[in-house]
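K.L.:
This is what each chain is made of:
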Amino acid sequence: MATWLRRILILALIALAIVAPLGQGNYIIYVMTSWLIFSIAAMGLNLTLGYAGQISLAQASFMAIGAYTTALLTLSGWHWLAAMPLGVLACFVVGFGLGYPALRVKGHFLAFITLAFNTLVFLVLRNEEWLTGGTYGLVGIPRPDLGLFSTMRSLPFYYFTLTVTIVAALAMWGIVRSPWGRAFKALRENPIRAESLGVDTRRITLLAFAIGSMYGGLAGALIASLVQFIEPGSFGLAHSLRILLMVAVGGAGYFFGPFVGAGVVILLPEILRFAEGYYLIIYAVLVIVMLIFVPSGMIGIWGRIRDRFFVRPVARADLQQGAQLK
Amino acid sequence: MSQFLQILLSGLATGSIYALVAIGFALVWQAAQTINFAQGEFVMLPAFLVLVGLNYFDLPLWGALLFGLGMSILILGAAFKKLVVEPILPHGGITLVIATIALGILIRESVKEFYSAEGQPYPSVLPSDPINIFGAVVSLQDILNLVLSLGIVVLLTLFLNRTRTGRCMQATAQNPAVAEILGVDVKRMVLYTFLINAALAALASFLITPVYLAKFSNGETLGLIAFIAAIVGGFNQIRGALVGGLLIGVLDNLVATYITAEYRAALPLILLILIILVRPQGILGTPEGRAV
Numbered sequence: 001m002a003t004w005l006r007r008i009l010i011l012a013l014i015a016l017a018i019v020a021p022l023g024q025g026n027y028i029i030y031v032m033t034s035w036l037i038f039s040i041a042a043m044g045l046n047l048t049l050g051y052a053g054q055i056s057l058a059q060a061s062f063m064a065i066g067a068y069t070t071a072l073l074t075l076s077g078w079h080w081l082a083a084m085p086l087g088v089l090a091c092f093v094v095g096f097g098l099g100y101p102a103l104r105v106k107g108h109f110l111a112f113i114t115l116a117f118n119t120l121v122f123l124v125l126r127n128e129e130w131l132t133g134g135t136y137g138l139v140g141i142p143r144p145d146l147g148l149f150s151t152m153r154s155l156p157f158y159y160f161t162l163t164v165t166i167v168a169a170l171a172m173w174g175i176v177r178s179p180w181g182r183a184f185k186a187l188r189e190n191p192i193r194a195e196s197l198g199v200d201t202r203r204i205t206l207l208a209f210a211i212g213s214m215y216g217g218l219a220g221a222l223i224a225s226l227v228q229f230i231e232p233g234s235f236g237l238a239h240s241l242r243i244l245l246m247v248a249v250g251g252a253g254y255f256f257g258p259f260v261g262a263g264v265v266i267l268l269p270e271i272l273r274f275a276e277g278y279y280l281i282i283y284a285v286l287v288i289v290m291l292i293f294v295p296s297g298m299i300g301i302w303g304r305i306r307d308r309f310f311v312r313p314v315a316r317a318d319l320q321q322g323a324q325l326k
Numbered sequence: 001m002s003q004f005l006q007i008l009l010s011g012l013a014t015g016s017i018y019a020l021v022a023i024g025f026a027l028v029w030q031a032a033q034t035i036n037f038a039q040g041e042f043v044m045l046p047a048f049l050v051l052v053g054l055n056y057f058d059l060p061l062w063g064a065l066l067f068g069l070g071m072s073i074l075i076l077g078a079a080f081k082k083l084v085v086e087p088i089l090p091h092g093g094i095t096l097v098i099a100t101i102a103l104g105i106l107i108r109e110s111v112k113e114f115y116s117a118e119g120q121p122y123p124s125v126l127p128s129d130p131i132n133i134f135g136a137v138v139s140l141q142d143i144l145n146l147v148l149s150l151g152i153v154v155l156l157t158l159f160l161n162r163t164r165t166g167r168c169m170q171a172t173a174q175n176p177a178v179a180e181i182l183g184v185d186v187k188r189m190v191l192y193t194f195l196i197n198a199a200l201a202a203l204a205s206f207l208i209t210p211v212y213l214a215k216f217s218n219g220e221t222l223g224l225i226a227f228i229a230a231i232v233g234g235f236n237q238i239r240g241a242l243v244g245g246l247l248i249g250v251l252d253n254l255v256a257t258y259i260t261a262e263y264r265a266a267l268p269l270i271l272l273i274l275i276i277l278v279r280p281q282g283i284l285g286t287p288e289g290r291a292v
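Residue numbers (my numbering), protein chains in the order written: chain A, 1 to 326; chain B, 1 to 292.
One chain only, chain A, in its complex shape (with noise of 0.2 Å):
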């Protein structure tokens, strides 16, 4: 697509997201709210599962580590301003401790090392009742007052998570376009050949993953503020499934991929509402469904009918991933 076309739709969205909740009730705001969150996370997981090819099941809990020490920084007395940093920081330590271990070998261990990570932490924020509050949670976490512009409201609240969302998304893109993005391209096409031309992969998936849960952290920040509620349940293993079915249904490795997902995923409950608690069944289905006949996921349906209709030469289509070889 053209460069200009591209930023006029970029454009026209974002006004399309600033003007939509306008006039809607509460309930529609704090939908598109959330929407905008888990694409915060989803956009982290999005680094780490389609550009570094590694799967994290762990976002939730990185949300969780991000949540609970933005939570309880404000309920302390600090700024949001302040203390969502300091939660994100939180997030890329302990990503980095995570990843080093995992990362260190071939094959899938980040999965199961996040899978473990994930129940340790909801234990952690079970038990540790004197630090987190338990089953019991947090409650009455205050949203971030900016002098004039205050977030106690639900409709300033979503423009601020806009802004914080556009911002993240604008990082992401520099994180992409910048040499460690192209390296983790080259990583995701061909890893043989990338190793082969002097990228340290192992370094470089650590970093995409360690990143990847900064968003996730992040998210967390938001989500603590939106709900001002926070408890071990909404940070479990379902939710980090969740967020991953998010990439993989929006496309994995496409930057708006993360955007559509987390729309699918947090729209379709409001859709299938007639289907009740059938509603994840109809989900998994149609996951499995989509990963058969469009593995790239809603972004790759386009790239498909794309391809269809504008036909481009291809020169030399057996170098594409090193012609699969074996």
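Source of the hints: derived by calculation from the structure; they are not laboratory data. Predicted model, so just to flag it, every value in this text is computed and none were measured. Among these hints, one or two may not hold up.
A short list of chain B residues far from chain A (calculated; beta carbon distances all over 12 Å) [as the list claims (entries may be wrong)]: (1) Tyr56; (2) Gly63; (3) Ser110; (4) Lys112; (5) Pro123; (6) Arg164.
Simulated DEER-style distance windows between Cβ atoms [to be verified]: (7) Pro269(A) x Phe114(B): 14 to 22 Å; (8) Ile192(A) x Ala79(B): 33 to 41 Å; (9) Ser217(B) x Arg308(A): 42 to 50 Å; (10) Ile305(A) x Arg164(B): 45 to 53 Å; (11) Arg308(A) x Pro60(B): 37 to 45 Å.
Where is the CB? At the ideal position from N, CA and C, for every residue including glycine.
Since chain A is already given, all that's left is putting chain B on it; use the hints.
P.N.:
For chain B alone, kept in the frame of chain A given last:
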């Protein structure tokens, strides 16, 4: 001392059941490079199939067990391979992993919606009278669980090492291309592996469910423990998965009794990190050539 022996024996009993799940997991990994994140749900479902046989078709217990085993092999073995693994595997390992995660959600939620969200009492196949071994009071069920699972492992090992089909399966796992050249029906061997995995999961399900209740969420912990048993023991060895399973069963019991009951679920994580740092190929595993 008698308490220690008691903990050790009951740990070995649960561990041997974990080992069954871990072995199936490792077999499928070797034969089809498939990491099955729904493995825990594969252990949860057969118990409910037995309950369906008992309560809806009024089968006797042995009939219900056979029904459960047959249906598991059909659904979790054949259908899983044909409908999920075969179409998705060409898209890459990560896509398949995500698909098995979705499959796990599908199985879990289906059981919850179509059967019950409550824990169901599950009939025990084995007597659970307490017996006394050197002063340790152990339930007969535990001992029989241990004996039965070890028996199944021995039979499986004999099958894999002594029969023609078993050796063909091993050849397929080691090098599918060469096996095919030598005339092994690779596709059929891979299918057998999936069927065996389903059967092992069903047997583990029948043995472990009486210990707890039959509940839709049983798979979450079981699946994780099975992965970790397979990794700790060594992914490419049946013995490895057996040792891993037993080790986790015993350590889990020891930690819960002597160190902390609240954080017993953290043990797998610690064990996993230790193994990856010290011996990534697993206790009994042999290092595979690095892909890169």
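K.L.:
Evaluate each hint against the coordinates.
P.N.:
Now for the hints, and whether the structure bears them out:
no. : hint                              : in the structure
1   : Tyr56                             : 20 Å, holds
2   : Gly63                             : 29 Å, holds
3   : Ser110                            : 6 Å, violated
4   : Lys112                            : 7 Å, violated
5   : Pro123                            : 27 Å, holds
6   : Arg164                            : 28 Å, holds
7   : Pro269(A) x Phe114(B): 14 to 22 Å : 19 Å, holds
8   : Ile192(A) x Ala79(B): 33 to 41 Å  : 35 Å, holds
9   : Ser217(B) x Arg308(A): 42 to 50 Å : 43 Å, holds
10  : Ile305(A) x Arg164(B): 45 to 53 Å : 51 Å, holds
11  : Arg308(A) x Pro60(B): 37 to 45 Å  : 58 Å, violated
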